Structures are given as structure tokens and as C-alpha cells.
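A.B. asks: In order, the protein sequences belong to chains A and B. Going by the numbering used here, the first residue of the first sequence is number 5, and it counts up by one from there. Going by the numbering used here, the first residue of the second sequence is number 20, and it counts up by one from there.
Rather than coming from a laboratory, the hints here were simulated on the basis of the structure. The model shown is predicted, which means the values in this text are computed figures rather than measured ones. Any given hint might turn out to be false.
[What the hints assert, rightly or not] In silico lysine-lysine, DSBU-like type, Cα no more than 35 Å apart, as pairs: (1) B:307 x B:282; (2) B:78 x B:230; (3) A:115 x B:230; (4) A:330 x B:78.
[Claimed, not checked] According to the in silico footprint, chain B covers these stretches of chain A (three or more CB under 8 Å from chain B): (5) 46-60; (6) 73-84; (7) 94-102; (8) 134-145; (9) 168-176; (10) 292-301; (11) 307-313.
[As the list claims (entries may be wrong)] Just a sample of chain A residues kept apart from chain B, beta carbon distances all over 10 Å, derived: (12) 22; (13) 63; (14) 229; (15) 255; (16) 257; (17) 267; (18) 281; (19) 304.
For glycine and all other residues, C-beta sits at the position ideal for the given N, C-alpha and C.
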Amino acid sequence: MVIELSFIWAGLIAFAVLAYVLLDGFDLGIGILFPFLKDRDERHLAMNTIAPVWDGNETWLVLGGGGLLAAFPLAYAIVMPALYPLIITMLLGLIFRGVAFEFIHRTNRMKAFWEIGFCLGSLIAAISQGMALGALVQGITIDGRAYGGGNWDWLTPFSALTALALVVGYATLGATWLILKTEGETLTRARRFAWPLGIALLVLIGVVSIVTPFLRPEYLERWFGWPSGVYSAVVPILLACAAWMLWSGLRGRHTLRPFLATVAIFVLTYIGLGISFYPSLVPPSLSIIDAAAPDTSLRFLLIGASILIPMILVYTAYSYWVFRGKVRPEDGYH
Amino acid sequence: MLSDISAIDLARAQFAFTISAHIIFPAFTIGLASWLAVLNGLWLWRRDAVYLRLFEQWKTIFAVVFGMGVVSGIVMSYQFGTNWSVFSDKAGPVIGPLMGYEVLTAFFLEAGFLGIMLFGRERVGEKLHMMATTIVAIGTVMSAFWILAVNSWMQTPQGHGFNDVDQFIPLDWWAIIFNPSFPYRLVHMVLAAYLTTAFVVGGVGAWHLLKSPKNRGAQIMFSMAMWMALIVTPIQIIAGDQHGLNTLKHQPAKIAAIEGHYKGYPEGRAPLILFGLPDDATGKVRYKVEVPLLGSLILTHNLDGPLQGLNDFPPENRPKSALIFWTFRIMVATGFAMLGIGLWAAWARWRGQLYDARWLQRSAVLLAPSGFLAVLAGWITTEVGRQPFTVYGLLRTSDSVSPLQAEAVGASLIAFIVVYFFVFGSGTFYALRLMGRSFEGDISAQVDHTASDPKGTQHGH
Numbered sequence: 005m006v007i008e009l010s011f012i013w014a015g016l017i018a019f020a021v022l023a024y025v026l027l028d029g030f031d032l033g034i035g036i037l038f039p040f041l042k043d044r045d046e047r048h049l050a051m052n053t054i055a056p057v058w059d060g061n062e063t064w065l066v067l068g069g070g071g072l073l074a075a076f077p078l079a080y081a082i083v084m085p086a087l088y089p090l091i092i093t094m095l096l097g098l099i100f101r102g103v104a105f106e107f108i109h110r111t112n113r114m115k116a117f118w119e120i121g122f123c124l125g126s127l128i129a130a131i132s133q134g135m136a137l138g139a140l141v142q143g144i145t146i147d148g149r150a151y152g153g154g155n156w157d158w159l160t161p162f163s164a165l166t167a168l169a170l171v172v173g174y175a176t177l178g179a180t181w182l183i184l185k186t187e188g189e190t191l192t193r194a195r196r197f198a199w200p201l202g203i204a205l206l207v208l209i210g211v212v213s214i215v216t217p218f219l220r221p222e223y224l225e226r227w228f229g230w231p232s233g234v235y236s237a238v239v240p241i242l243l244a245c246a247a248w249m250l251w252s253g254l255r256g257r258h259t260l261r262p263f264l265a266t267v268a269i270f271v272l273t274y275i276g277l278g279i280s281f282y283p284s285l286v287p288p289s290l291s292i293i294d295a296a297a298p299d300t301s302l303r304f305l306l307i308g309a310s311i312l313i314p315m316i317l318v319y320t321a322y323s324y325w326v327f328r329g330k331v332r333p334e335d336g337y338h
Numbered sequence: 020m021l022s023d024i025s026a027i028d029l030a031r032a033q034f035a036f037t038i039s040a041h042i043i044f045p046a047f048t049i050g051l052a053s054w055l056a057v058l059n060g061l062w063l064w065r066r067d068a069v070y071l072r073l074f075e076q077w078k079t080i081f082a083v084v085f086g087m088g089v090v091s092g093i094v095m096s097y098q099f100g101t102n103w104s105v106f107s108d109k110a111g112p113v114i115g116p117l118m119g120y121e122v123l124t125a126f127f128l129e130a131g132f133l134g135i136m137l138f139g140r141e142r143v144g145e146k147l148h149m150m151a152t153t154i155v156a157i158g159t160v161m162s163a164f165w166i167l168a169v170n171s172w173m174q175t176p177q178g179h180g181f182n183d184v185d186q187f188i189p190l191d192w193w194a195i196i197f198n199p200s201f202p203y204r205l206v207h208m209v210l211a212a213y214l215t216t217a218f219v220v221g222g223v224g225a226w227h228l229l230k231s232p233k234n235r236g237a238q239i240m241f242s243m244a245m246w247m248a249l250i251v252t253p254i255q256i257i258a259g260d261q262h263g264l265n266t267l268k269h270q271p272a273k274i275a276a277i278e279g280h281y282k283g284y285p286e287g288r289a290p291l292i293l294f295g296l297p298d299d300a301t302g303k304v305r306y307k308v309e310v311p312l313l314g315s316l317i318l319t320h321n322l323d324g325p326l327q328g329l330n331d332f333p334p335e336n337r338p339k340s341a342l343i344f345w346t347f348r349i350m351v352a353t354g355f356a357m358l359g360i361g362l363w364a365a366w367a368r369w370r371g372q373l374y375d376a377r378w379l380q381r382s383a384v385l386l387a388p389s390g391f392l393a394v395l396a397g398w399i400t401t402e403v404g405r406q407p408f409t410v411y412g413l414l415r416t417s418d419s420v421s422p423l424q425a426e427a428v429g430a431s432l433i434a435f436i437v438v439y440f441f442v443f444g445s446g447t448f449y450a451l452r453l454m455g456r457s458f459e460g461d462i463s464a465q466v467d468h469t470a471s472d473p474k475g476t477q478h479g480h
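Whole structure, please, built from the sequences with the hints as guidance.
C.D. replies: Right, here's the structure in full:
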């Protein structure tokens with residue numbers, strides 16, 4: 005059997021986006037939780053848990069965007085103008101989030117400003133990404149080989165709902181990451197955040213899951229039709245297991261389990277999205293095959309990707325290993 | 020119609036603004052990363068604490084500048100899609116994989132080892148830390164390799180065909196990457212980055228020498244930078260000359276616009292217009308000062324070498340001359356000023372007065388930002404000279420733009436300008452303040468001192 009190159013690439017890009025969401029998710033989550041931390045010392049401790057790794061985490065976003073341009077230039081050319089204001093606000097948010105890591109330590113007078121910049125930047129980036137997700141799920145109007153909708157198509161109650169869900173999701177990742185990486189008072193506080201956030205996240209996932217199949221008839225078919233509905237039913241069952249794992253992890257005062265449980269919840273909802281989308285790349289009308297670059301482009305980059313992505317995973321894991329364990333105030337990563 | 024025109028002008032203004040802001044940072048960090056690797060190596064080899072001291076302080080400056088480079092670079096990677104979606108659709112199959120390779124071979128490498136370089140010396144040991152530092156330096160150069168491959172292909176495209184929906188289809192990757200102008204651009208840009216860093220480091224060294232001539236850290240910075248100026252500037256001038264020959268061969272209209280030649284010189288013997296005001300409307304250069312014969316000699320290395328003028332090209336294919344006539348001259352003049360300082364420093368060194376030559380040091384301080392000026396002027400020359408095409412001769416800029424309304428592009432342009440000036444202005448201020456610290460004394464004491472020094476922040480916002 006010949007596997008279509010475009011499907012391999014759809015899988016790779018999906019992987020890059022998932023890696024981004026999980027890795028930068030807890031970075032952004034810490035920014036979102038920033039105002040609820042006790043004081044400046046605790047906020048800086050929280051920042052230091054991500055300082056050595058955030059840059060690598062964010063790179064997955066560039067791979068997602070760059071991979072889309074390389075493998076599906078038509079999808080890239082349609083989605084970017086369709087989500088124009090969201091992409092711009094996301095980028096501006098990421099600018100403040102990114103420079104804050106350095107700038108906070110370079111000034112006393114402006115410290116509070118860059119703390120607010122870090123927090124608001126993270127929040128705005130998360131909202132933009134969540135809205136973009138909602139807009140994509142609703143479907144994008146295409147006219148010929150270009151975006152055919154208006155300036156404000158992305159702004160709907162549904163995209164507001166997905167934005168809220170993603171913000172809460174990132175905050176849960178951030179809280180469980182802090183449980184993993186801190187100790188003492190901060191750990192206790194993070195655990196206190198994780199409880200309501202986890203519950204809110206599951207409720208929001210439930211609401212989004214109930215609404216989504218009714219947005220488009222094909223989603224309904226993929227979720228409740230025969231036989232695809234049987235496979236789809238596995239996702240909610242596993243999701244319930246992940247929710248139990250989060251509950252037991254928090255209750256049993258484990259440090260790693262709540263984070264892994266939240267990661268599992270993200271992975272499962274992501275698979276759920278994949279079930280709704282497949283085989284579209286940009287719902288409703290642009291399929292993976294239609295949007296694909298010529299095979300010469302796909303093959304050329306795939307050779308490199310199949311060697312380099314495993315290497316990247318290895319040295320990324322190494323970097324996490326180097327900075328493993330609890331972060332203490334005296335580590336001072338700046 | 021009017022809104023179409025202004026949408027494309029705004030999209031061009033936005034691209035010009037965001038990429039000009041971005042190029043400043045890699046131009047600096049490419050050289051700085053290599054220099055940090057050298058300093059770290061010298062520390063491990065000689066165990067002279069002055070090198071560790073230099074490494075640690077410049078490492079912090081690197082982190083500030085690199086952070087700004089990363090965030091402004093992410094903007095670039097999405098701007099192709101937001102503002103130039105038709106270009107992305109058509110050229111994506113060729114440039115997309117090249118940019119994908121940049122992410123896979125360079126971005127991840129830099130980002131993955133940056134944390135270890137910045138914070139990991141005690142955690143991984145000195146050898147692995149040295150390796151991480153070297154890898155970050157290699158990553159910055161690899162990044163330049165791929166980006167220059169993309170840009171060069173857009174200037175001198177080859178190795179592609181077209182499919183039935185008018186997309187560029189890659190046929191020969193080797194030809195696409197190693198297109199005719201690529202080697203010249205890559206060498207010219209990497210040398211420019213090294214010179215940019217050298218002049219910043221030299222300027223900072225000179226600044227501290229003017230305050231205290233016995234400052235060892237400052238002496239090392241100044242001395243190393245002046246060696247770079249002496250050795251690399253002449254190589255860069257030769258590389259620039261060769262690049263010029265290459266451009267004449269592949270983009271003659273660009274050369275005509277740079278030189279301000281509206282009428283051609285089929286028999287050669289063209290003059291070199293030193294200064295003047297090119298006027299594209301009338302096709303004349305007003306108030307011009309010219310040197311006979313020199314134009315042909317420099318551009319073709321031959322007095323009788325023929326040169327085309329802008330009038331030899333159809334009006335719709337001509338780049339505008341007024342801007343790039345001047346940016347090119349600014350770049351060249353800056354290059355010769357760099358050479359001059361390199362020679363001056365060599366003479367002072369030979370007389371044993373390198374660290375006491377006050378006027379030399381004042382001039383070096385003045386020239387500290389010269390690399391940025393030259394890089395910006397050079398990029399404007401080559402990019403504006405490529406107009407009215409995004410892919411030279413094949414895809415027009417006016418056919419590359421996204422179907423967006425002017426209001427959306429205008430609003431985002433204003434947002435970028437406001438945020439960039441504030442954020443990167445602040446970052447530049449912090450970097451300058453870090454450069455202003457003396458590069459002497461115990462490192463740990465210095466770091467603690469600066470963190471809690473109320474005086475140091477008096478000059479803050």
C-alpha cells in the first residue's frame with residue numbers, strides 16, 4: 005500500500021501543533037495564573053520554572069506554521085487572511101510574553117509593567133488561539149483559491165466558548181506544571197488552583213463537545229454515524245479515565261500525575277477534533293489532498309523531517325532532563 | 020480600486036517595517052553567538068578569568084537581543100500568510116520546504132541549547148556547556164543559510180516549473196538552493212553580521228577605554244574588534260564587488276537603478292555618478308557629481324563593458340531609483356569608514372598606542388552602530404531593487420498580496436509600529452545599559468550588585 009505523502013504531512017503538522025499546545029500551553033498557563041500568585045517572589049519563581057525551556061516550546065508554533073506553508077500552501081494562504089486579526093493579536097501577545105523573560109530582570113522601575121505584559125501577553129495569545137480554533141471548527145468560506153469571507157467571520161459565540169475553554173485548559177496545565185516544579189506554599193496554592201480549573205475545563209469540554217457535532221452535518225455523521233461512531237465513542241471513555249486520573253492525582257497529593265492527566269485530557273480532545281475534521285484540512289470544503297503541495301515539495305522536506313524531528317525530540321528531552329526537579333528561589337535563571 | 024492600491028502599499032509598508040526591525044537582531048546575534056563561543060573557548064583553554072567575565076556579561080546582552088530576535092522572527096514567519104497569501108499559495112511549494120528546513124535545522128537547535136548555554140554551566144559541566152554554546156553559534160549561521168537561500172531564489176529563481184494552477188513546482192532542489200546569487204548573498208550577509216558585532220563590541224570596548232585605559236576586558240574587546248575590522252572589511256569589500264558583478268548579470272535593471280543610469284551605455288565608458296538626485300519622472304539625475312569611466316570599470320571590470328540603463332527596460336518592469344541610489348551609497352560609504360578605522364587601528368597598534376589613541380576610540384564609539392546602518396541600507400537596496408516583483412521576473416508584487424481590506428492592514432501596521440517601538444526600544448535601552456557596565460571585577464558580585472542597584476535604574480523609564 006502506498007501511503008499518500010499529504011496524509012503523512014497532515015499527521016506531522018498535527019503533531020507539531022499538539023506539541024506546541026502542550027508545551028507552550030503550560031508556559032501560557034503560568035502567565036494566565038500570574039495575578040493569582042502570592043507575591044513578586046512567587047511570580048518570579050513560577051517564571052523560572054519555564055525560563056530555560058519556553059523558547060524551544062514556542063518553536064513548535066513556527067514548525068506548525070512553517071510546515072503548513074511548505075506542505076499545504078493553499079491552506080496556509082486561506083487560513084491566515086481568514087484569521088487575520090487573531091493571528092496579529094496572537095503575535096503581539098507572544099511578543100510581550102517572550103521579551104518579559106529578559107526584561108523583567110533588567111529593570112526595577114518597569115518590573116510591574118513587564119509582569120503585566122507577561123500576563124496579558126499570555127492571556128491574549130491564549131484567547132487568540134482559542135478563537136482561531138473555534139473559527140476553524142465552524143468552517144471557513146473559500147472563494148476560488150483565496151479566503152472568501154468577511155473581516156469578522158471568526159467572531160461568534162462558539163469561538164468565544166472555545167477561547168474560554170482553551171484559556172481554562174492552559175491555566176490547568178500551568179497549575180499542574182507548578183505542582184510538578186515547585187514545593188511548599190507555592191505547591192499548595194497551585195493545587196488549590198488545579199481543583200476548580202480542572203472541573204471548569206471538563207465542563208467546558210463537555211459543552212464544546214455537545215455543540216460541535218451540530219455545527220456541521222458531517223461532524224454529526226463522524227461522531228454518531230455507523231461505524232465511525234464506535235471508534236469515536238472510545239474518546240469520551242478515555243477522557244473519563246483521564247478525568248479520574250486528575251482527580252485521584254490531586255486528591256492523593258501526587259506531583260506528576262495531575263500534569264500527565266491534564267496532558268492526556270488535551271491529547272484526547274485533540275484527537276476528538278481530528279475525528280471531526282478528517283479528511284478536511286480546512287472545513288468545510290478544503291481537503292488534505294486538495295491543499296497539498298506537489299510531491300516533490302513534500303518528499304524533499306519529509307527526508308529532513310524524518311531524521312531531524314527525532315533528533316529534536318531527543319535533545320529537547322535532554323534539555324528538560326538537565327533542568328529537571330523542583331525549581332528553588334536561589335536558582336535564579338536570569 | 021483606490022482601496023486595492025492602498026492595501027498593497029500598506030502591506031508593503033508593514034513588511035518593510037517588520038523585517039527591518041527583525042534584521043537588526045540576527046545581524047547582531049549571528050556574530051555575537053560565534054564570539055561567545057570563542058570567548059568560552061579562550062576561558063577553557065587559558066583559564067584567564069577575564070574571558071569568563073566577558074562571556075558572562077555579553078551572554079546576558081545576547082539573551083536580551085536574542086529574545087527580541089525570536090519574537091520578531093515569529094511575526095515574519097506568519098506575515099507571509101497574513102499579508103502575502105497569494106505569494107504563499109504560489110511560491111509556497113518552493114520556499115516553504117526551505118523555511119521548514121530552517122526551523123528543523125536552526126530554530127530548534129538554537130532554542131534547545133540556549134537554555135543550557137544561559138543557565139547550564141554548573142548543571143552539565145564545562146565541556147557540554149562549551150558544546151551547547153558552539154551549537155547555538157552554528158544554529159545562527161544555519162538559519163542565515165536557509166533564509167538567504169529563500170531570498171536568493173526570489174531574486175534569481177531557477178530549478179522550478181509551473182503546474183496548472185500557476186504554482187511554482189520545484190524540479191531541482193540543488194538548483195533552487197544554490198541559485199546564481201545565493202553564494203554571494205550568503206557570504207555578504209554572514210560577513211556583514213560578523214562586522215556588525217565587531218563594531219558594537221569594539222565601540223563598547225572603546226567607550227570603556229576612554230573612561231579607564233587599563234580596563235582589561237575593554238582592551239580585549241577593542242583589540243579583537245579592530246583585528247576583525249582590519250581583516251574582514253577588505254574581504255567584505257571584495258565580496259560586495261563580486262556580488263555586484265553577479266547582480267549586473269542577473270538583475271541589470273537593479274544595477275541601473277542603483278547607479279542612477281537612465282540611458283544605457285552600449286559601448287561602455289559609463290561614468291560613476293557619485294551623488295545626485297535621481298528623478299524617475301523625468302529620467303534624469305539632478306545636481307549630479309560624476310567621475311568619467313569609473314562606472315564601467317567598477318561594474319564590469321572593463322572600460323568598454325556595456326551597461327544598460329533603466330530606459331532599456333519596459334516601464335512596468337523598472338525598479339525606482341531614488342531610494343536605492345542613496346541606500347547603496349550609504350552602505351558603501353559605511354563599509355569604507357569601517358576599513359578606515361581598521362587601518363587606523365593597525366597603525367596605532369604598530370606604534371604601540373592602541374589603548375591610548377583617544378581619537379581612534381572616539382571614532383570607534385561613533386561607528387559602533389555602523390554595521391546596523393550598512394545592513395539595513397544593503398537590504399533596502401536589494402529588496403527595493405527587486406521590485407516590482409516578489410519572484411524576480413515571474414511574480415509581481417501587485418499579484419502577491421492577500422485579499423484584505425486596507426483598514427485591516429492599516430490597523431495592524433499601526434499596532435506593530437506602536438508595539439515595536441515600545442518593546443524593542445525598551446530592549447535596546449536594556450542592552451545598552453548592560454554594555455555600559457564596566458566588564459571588570461568579580462562576576463557574581465557584579466550580577467547581584469546590578470540586580471539591586473537603585474542607582475542603575477535611575478535612568479529607567
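A.B. asks: Now, for every hint given, state plainly whether the structure supports it.
C.D. replies: Hint by hint, here is what the structure shows:
Under the criterion of a C-alpha separation no larger than 35 Å, the hint pairing residue 307 of chain B with residue 282 of chain B is consistent with the structure, at around 15 Å. For a cut-off of 35 Å, the pair hint linking residue 78 of chain B to residue 230 of chain B stands: about 23 Å separates their Cα positions. A C-alpha spacing of about 30 Å is found between residue 115 of chain A and residue 230 of chain B, which places the hinted pair at or below 35 Å, so the restraint holds. Of the supplied pair hints, the one linking residue 330 of chain A and residue 78 of chain B holds, its CA atoms being roughly 25 Å apart against a limit of 35 Å.
Closer than 8 Å: that is the beta-carbon criterion, and the segment 46-60 of chain A has 5 residues meeting it against chain B, so the requirement of 3 holds. Restraint check on the segment 73-84 of chain A versus chain B: 10 residues with Cβ-Cβ distances below 8 Å, three needed, restraint holds. Requiring three or more residues with a Cβ within less than 8 Å of a Cβ of chain B, the coverage given for the segment 94-102 of chain A holds, as 6 such residues are present. With 0 residues having a Cβ less than 8 Å from any Cβ of chain B, the segment 134-145 of chain A misses the three-residue criterion, and the hint is violated.
Given as covered by chain B, the segment 168-176 of chain A fails the check, having 0 residues with a CB less than 8 Å from a CB of that chain where 3 are the minimum. Three residues within the 8 Å Cβ limit are the bar, and the segment 292-301 of chain A against chain B gives 4, so the coverage statement holds. By the rule of at least three residues with a Cβ nearer than 8 Å to a Cβ of chain B, the coverage given for the segment 307-313 of chain A holds, with 4 such residues. Chain B leaves residue 22 of chain A outside its interface by the beta-carbon criterion, the shortest separation being 16 Å against a cut-off of 10 Å.
A Cβ of chain B approaches the Cβ of residue 63 of chain A within 10 Å, the least distance being about 5 Å, so the stated non-interface status is violated. The non-interface label for residue 229 of chain A is consistent with chain B: the shortest C-beta to C-beta separation is roughly 33 Å, beyond 10 Å. At the 10 Å boundary, the C-beta of residue 255 of chain A stays outside the reach of chain B, the nearest C-beta of that chain being 34 Å off. The non-interface label for residue 257 of chain A is consistent with chain B: the shortest C-beta to C-beta separation is roughly 28 Å, beyond 10 Å.
Every beta carbon of chain B lies more than 10 Å from that of residue 267 of chain A, the smallest distance being close to 20 Å; the non-interface claim holds. The claim that residue 281 of chain A lies off the interface holds: its Cβ sits roughly 19 Å from the closest Cβ of chain B, which is beyond the 10 Å cut-off. The claim that residue 304 of chain A is not at the interface with chain B is violated, since a C-beta of that chain comes within 10 Å of its own (minimum 5 Å).
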